[in-house]
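Asker: Protein chains in written order, with my numbering: chain A, 1 to 136; chain B, 1 to 532.
No wet-lab data here; the hints were simulated from the structure.
Note that the structure is predicted; figures quoted are calculated from it, not measured.
SDA-like, lysine to any residue: derived pairs with alpha carbons at most 20 Å apart:
#1 B/Lys242 x B/Ser490
#2 B/Lys299 x A/Gly108
#3 A/Lys98 x B/Gly442
#4 B/Lys217 x B/Arg200
#5 B/Lys271 x A/Leu54
#6 B/Lys349 x B/Pro163
#7 A/Lys99 x B/Leu441
#8 A/Lys98 x B/His150
#9 A/Lys98 x B/Asn440
#10 A/Lys99 x B/Asn440
#11 B/Lys271 x A/Asp53
#12 B/Lys305 x A/Leu106
#13 B/Lys305 x B/Ser102
#14 B/Lys303 x A/Leu106
#15 B/Lys305 x B/Thr418
#16 B/Lys410 x B/Gly65
Partner residues aside, some chain A positions facing chain B, computed with beta carbon under 7 Å:
#17 Tyr102
#18 Thr110
#19 Asn115
#20 Trp116
#21 Ile117
Don't be surprised by glycine CBs; every beta carbon is placed ideally from N, CA and C.
Now for the letters of each chain:
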Amino acid sequence: MNRRNFILFNSLWSIIPSLALAKPTLSASRAAFGPVSDAHRNIAQEIASLFSDLDAARAIGREYLRNYPSAGDPDALIADLELVDKHGSGEILRDRVKKRRYAEFLSGRTIVVNNWILPRTEADLCALTVLLPEDA
Amino acid sequence: MYIDYRDDSAPAHIECDLCIIGAGAAGITMARALTDSGMHVCVLESGGFEQEEATQNLYAGETLGLTNADPLACRLRTFGGTTMHWGGWCAPLSEHDFQVRSWVPNSGWAIQYSDLVPYYQQAQRICEIGPFKYGANAFLQDVRTFPPFHPDKIDVGFFQYSPPTRFGTAYKDELGRARNVDVILHANVTRIRTDKSASRITQLQIQTLEGRTGSVKAKIFVLACGGMENARLLLLTNDIQKNGLGNGSGLVGKYFLQHVEIGAVARILSKEPKVLFDAFRKYTLPEATVAAEMRTSVKAQEKNKYLNCAFTLLETEWWDGAWDKTGYDSLREAWRQVKNGHLQDDFTKKLWSVVTDLDSAVEGTYKQIRDLPYNGELKELVLWARSEQSPNINSRIDLGSDVDHFGLRKIRVNWQLTEFDKRSVRSGLRTLAEELGRLNLGRMQVADWLMADDTSWAEPVWGGCHHMGTTRMSNDPKNGVVDRNCRMHSVQNLYIAGSSVFPTTGYVPPTLTIVSLALRLVEHLKQQLPTS
Chain A
1 MNRRNFILFN
11 SLWSIIPSLA
21 LAKPTLSASR
31 AAFGPVSDAH
41 RNIAQEIASL
51 FSDLDAARAI
61 GREYLRNYPS
71 AGDPDALIAD
81 LELVDKHGSG
91 EILRDRVKKR
101 RYAEFLSGRT
111 IVVNNWILPR
121 TEADLCALTV
131 LLPEDA
Chain B
1 MYIDYRDDSA
11 PAHIECDLCI
21 IGAGAAGITM
31 ARALTDSGMH
41 VCVLESGGFE
51 QEEATQNLYA
61 GETLGLTNAD
71 PLACRLRTFG
81 GTTMHWGGWC
91 APLSEHDFQV
101 RSWVPNSGWA
111 IQYSDLVPYY
121 QQAQRICEIG
131 PFKYGANAFL
141 QDVRTFPPFH
151 PDKIDVGFFQ
161 YSPPTRFGTA
171 YKDELGRARN
181 VDVILHANVT
191 RIRTDKSASR
201 ITQLQIQTLE
211 GRTGSVKAKI
221 FVLACGGMEN
231 ARLLLLTNDI
241 QKNGLGNGSG
251 LVGKYFLQHV
261 EIGAVARILS
271 KEPKVLFDAF
281 RKYTLPEATV
291 AAEMRTSVKA
301 QEKNKYLNCA
311 FTLLETEWWD
321 GAWDKTGYDS
331 LREAWRQVKN
341 GHLQDDFTKK
351 LWSVVTDLDS
361 AVEGTYKQIR
371 DLPYNGELKE
381 LVLWARSEQS
391 PNINSRIDLG
401 SDVDHFGLRK
411 IRVNWQLTEF
421 DKRSVRSGLR
431 TLAEELGRLN
441 LGRMQVADWL
451 MADDTSWAEP
461 VWGGCHHMGT
471 TRMSNDPKNG
481 VVDRNCRMHS
491 VQNLYIAGSS
501 VFPTTGYVPP
511 TLTIVSLALR
521 LVEHLKQQLP
531 TS
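Here chain A stands alone, though its shape is the one from the complex:
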């Protein structure tokens, strides 16, 4: 990673630990019952709201998808991340992400992206910023 990318990622990092504190702009419960494209759009907005620097997240996401093309199915990622929360609480989502991250680090379910050692959940969220552009 060159210096520029490193700075980019530095800014990304500044928000990743605060995922659990970020306020979703749209509740996952509403997104779950709309048409597929609307659901994707809503989820994209929700994920985007988690990142203070969306460009940095997308840079990581693109690198992740380049190295792991099998992660390129947005529906599979959404299902795996349980982003469509039928019980409709942003708090639940935040807690879930936090717990997943903890569990992934504990169990070694980590992934290397651009030589950064990241929990799978963080990498997947970055991938979704690429796969589900907000303005799609």
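We have chain A; now place chain B onto it with these hints.
Answerer: Okay, now just chain B, sitting in the frame of chain A:
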């Protein structure tokens, strides 16, 4: 008593009970431990009290394989040996380091940790460090809280800092006063003579650079010339055994090990880098100067099948080269000498370094007084990795074709690392990264070259000038060169002291273990050689 062998009044032929070849950490420790033993001990030293270019050049040789293993740069051929430029980091090997590990071929010592503990305790004093404690709660519990790492993954351990003890100055007067110890300076061993079966040494041929020659006869001989020269002298003794003295196993010079040290192996981004840095930085406490480190736990090593490694934090600015603290280091050393009431030969040089680097001296002193890290602005952290090297028969030293001043073949060093060594550092970093992430302390990015799953090694890798393994210890003569008492398997009156007997190395610098093994060897020799 000191005898300069260049002096014609010095006896050409010497007889003693015990002859120690080499006056470094091991040789000086043994000689000190034998004062008033009743044995007549002579210590042969190639150099004098000061470094001399012509003598130092006897270390010149070829370097193959990886760089950073050049004996000319790493070793010192003078009274005090390589301790005269030693960094002073001290820690014992762990219990685990002595054991056979199924995933580390050729691991396992012929002795156990418990065999060395009493000597480690004595070695602490010799190396001028604090009490013998190194575990997670050894120090700083009232000052810092360490991250609650999962014990199956990462441990916290400590290094202690020796001043560092320059054995050649710290113990010079004491050995000079010893009635039963003769230190023969400028006496180079140019030939080892044995009986016809090469099972006993009969005498040594010694020579000065100026050409004065003579001999030394003793009941017992100890090779204490360091991890390279020990093997070279054995390999040079090939008039009866063509592969070298005591080399029936063919392992003299093989399994040449160093530590795998990588200065900028990864960086950590953290919301609060100072909190993490402060936990693991150097502290000067009343009882010792210490620094904590993050080390891979035994369970993590077993589970992931990697080598023993540990990590220290550095400030980014340090790694970027901004931290030139020559003046500050010189000031500390000069102050130590004043405090001890014994000004050493380099005292004036130290003062001059302070004068020519006053900025560093002033800033360092200010930080020390305020108990601050050297650089106040901390943005990110860099990791320094230290790992053991896996025993590797292809990593070796042997004899080159060029000859030295005495017509003896020069050393040829071929330091080789393997994919296993690389994977171990990489996997150890991953274990640490996962723990830092789990505790929400930061994210780690590993150096690009290290992530490549191959055998390439980048320039920052070096061996710490810790030369080990070339006369490895074993119970079975087929698997090593010396036995559990450091006696050569096939030479009855020749022992080896120093890190060349280490079959595996842990990740800690070797000096404390060298001194401990030397003390243990003295105890053994006292039983073997009743006082005369």
